[in-house]
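Asker: Sequence:
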Amino acid sequence: MNEGMKRKDIYLNKMYYKILSEWIKSDRIILNLSLALLFFISLVYFLWFGDGLFFAQENKSLFFFTGEYLCQFMAKPGGLLEYTGNFLMQGYYSNLFGSLLVSLIIVSFSAVFVKINKRFYIGRSFYILLTLIPACLLLLMHAQYEYYIHYSLGFLLTGFWFLFSISNQNKRLSYVFPALFPVFFYFTGSFAFIYIGMFITFLLVFERGIPGYFFIALLIMIAFIAFVVFREVLFLQPTGSLMFYPLPNDLSNLPTSFYLLSGYMIIFPLSLKISCSFISGSRSFILSPAMSATFVMTITVCLLIKLYDRDHADLMQLEKSVFNQNWDSIIEQHETSPSTNVAGQYYYNLALSERGQLCNRLFYGRQDFGIKSLSLTHFQEQIKRSVYFYYTIGLMNEAHHIAYESMVLSGYSPQNIKILIKTELLNGNYRSAERYLIMLKKTLHYRALAAIFEKMLYNPSMVLSHPEMGEKIKLLPRNDFFITQNDTENIDLMLMSNPDNKKVFEYKMAMLLLEKDYKAVVYQVKRMKDMKYTYIPRHIEEAIMVFINGNHELPYLGDFEISRETELRYKLYLAAFRMNKNKTRPEFDKLMKKNWGNTFWYYLEFK
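Numbering (our numbering), first residue to last: 6 to 612.
Accuracy of the hints is not assured; some may be wrong.
[Stated by the list, open to error] Within a straight-line C-alpha distance of at most 30 Å, the following computed DSSO-like cross-link-like pairs (lysine-lysine) qualify:
| # | residue 1 | residue 2 |
| --- | --- | --- |
| 1 | K447 | K377 |
| 2 | K507 | K521 |
| 3 | K524 | K595 |
| 4 | K508 | K521 |
| 5 | K377 | K524 |
| 6 | K612 | K531 |
| 7 | K479 | K508 |
| 8 | K311 | K65 |
| 9 | K460 | K447 |
| 10 | K377 | K423 |
[Said to hold, decoys possible] For each label pair, taking beta carbons as the anchor points, the in silico distance ranges come out as:
| # | residue 1 | residue 2 | range |
| --- | --- | --- | --- |
| 11 | L579 | E410 | 47 to 53 Å |
| 12 | P472 | F611 | 36 to 42 Å |
| 13 | G475 | P504 | 15 to 21 Å |
Simulated from the structure, these hints should not be mistaken for laboratory data.
Glycine included, every Cβ here is placed at the ideal spot set by N, Cα and C.
Please work from the sequences and hints to get the whole structure.
Answerer: So, in structure tokens, the structure goes:
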């Protein structure tokens with residue numbers, strides 16, 4: 006009977022391990038499919054929704070192929086990690102390349118955990134979970150604007166270093182990785198501390214006893230010595246910089262998922278131990294691999310949808326169009342999908358000015374901020390945006406000042422170096438422009454732009470013949486004056502300095518319209534003949550009609566006349582106003598906005 010029981014147990018064990026082998030094969034298939042699906046989700050998401058994100062990060066700084074630029078990053082631990090990230094971030098210039106790059110990094114990060122898991126027997130559901138969770142957290146972080154690719158490189162290198170640390174079976178060679186910790190610390194900076202936590206947890210969980218405790222003491226001692234030597238001898242960096250670089254100075258800018266992933270990696274060896282213990286004590290599985298993968302992927306997609314900020318994405322798309330001077334695209338975007346952000350409305354008004362349509366289409370787009378959407382304050386978060394207003398109206402010295410200040414605060418970026426070159430060329434400072442052009446020629450994507458500007462060096466006739474630069478020269482002030490903090494005053498000073506500057510004049514008129522000062526608008530019309538206007542712009546005509554209706558007199562318009570079309574439209578507006586004014590205010594507003602929302606008349610009454 007005992008012999009029969011033994012045979013039965015042997016048979017059952019064989020069947021169990023045969024089934025287990027089949028399960029492992031199916032698990033690998035499910036895992037590979039899951040990683041392929043994760044890659045696909047990442048690629049599609051960034052292709053469709055990552056354009057503004059990639060532009061914002063690529064446009065934040067310039068990568069120069071110079072030894073001097075490299076030396077800046079070699080001066081402290083973690084610098085080479087950021088340098089590598091900046092190099093790769095050049096790929097964000099192309100939305101397709103950026104999407105592929107980020108997706109490959111995410112899948113590579115997951116592959117590291119696959120390799121780690123293979124060293125242990127992880128249960129079916131746990132195998133998928135422990136592999137997909139870190140990759141999905143990385144994907145969620147990349148969907149946020151303040152998360153940069155060198156952070157992912159730090160996580161990836163930390164995972165690889167941990168994998169190599171636990172994969173070595175030779176006891177002598179196992180001491181190599183603690184001994185090389187200073188090198189790893191130099192390359193990865195603050196991410197080295199995640200590795201310390203991760204490896205110490207592994208030793209406490211899997212290597213209990215004197216050898217494990219010795220390793221812990223050895224690693225802590227080497228890390229402490231490296232930290233002190235780096236701080237006091239080699240790099241002379243403050244404690245905070247050594248501990249947190251290359252992370253941002255304000256750690257609150259990091260997404261919550263960054264801290265979740267850091268904590269997950271530190272306790273990851275404990276998760277391995279728990280999953281192994283669970284499986285060794287039970288042959289039943291609470292969750293199938295397919296269900297695990299589906300659960301993680303579903304949560305990830307839901308969080309991606311929740312994290313996506315349509316307004317911010319639209320603003321980044323507007324900024325990209327401004328940088329590329331695609332004014333028609335900005336006008337179309339704001340009129341079809343109005344921005345509720347002051348910067349978005351500022352860009353719309355800027356595009357109208359560049360197209361000479363500021364007083365013709367001002368109210369075709371949403372206007373919620375009055376004159377604040379015509380020029381922005383010089384606060385740090387707006388300083389890069391405010392430069393365009395001064396460049397557009399011809400105040401090149403102030404545009405140069407703001408671009409230079411931006412460069413000092415944040416380093417070179419495609420935007421500020423482009424403005425610096427243009428303003429130097431327009432002011433005839435060719436030697437200064439040449440210095441910036443030399444820098445621009447040492448980049449990857451902006452050499453062609455540098456070649457265009459290089460032709461204008463020491464060649465005023467070439468500057469004059471350029472479509473954009475030639476027009477800007479006509480806007481320059483004819484005598485010097487002090488710039489004030491009040492842009493309304495700056496516009497008046499600019500008009501006194503160059504009375505022929507139509508862009509400044511239209512900004513002045515737009516300010517008066519947005520302040521609902523239609524009487525002042527009417528009094529400015531007489532200046533338009535000397536500025537070679539051939540007709541009165543649409544919204545100025547609308548303001549004149551309000552003046553006539555309120556004062557019962559025809560103002561002096563010089564040789565100009567109100568168009569019959571505007572007179573007819575105003576009669577229809579007044580008729581609609583009288584017919585609907587007894588309705589409730591919300592209903593009244595809705596009815597009038599439908600047909601008259603793009604007029605000064607509607608803005609005057611309902612805004």
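Asker: With reference to the structure, classify each hint as holding or not holding.
Answerer: Status of each hint after checking the structure:
no., hint, verdict
1, K447 x K377, "violated, 38 Å"
2, K507 x K521, "holds, 21 Å"
3, K524 x K595, "holds, 27 Å"
4, K508 x K521, "holds, 20 Å"
5, K377 x K524, "holds, 21 Å"
6, K612 x K531, "holds, 28 Å"
7, K479 x K508, "holds, 11 Å"
8, K311 x K65, "holds, 25 Å"
9, K460 x K447, "holds, 17 Å"
10, K377 x K423, "holds, 25 Å"
11, L579 x E410: 47 to 53 Å, "holds, 50 Å"
12, P472 x F611: 36 to 42 Å, "holds, 40 Å"
13, G475 x P504: 15 to 21 Å, "holds, 20 Å"
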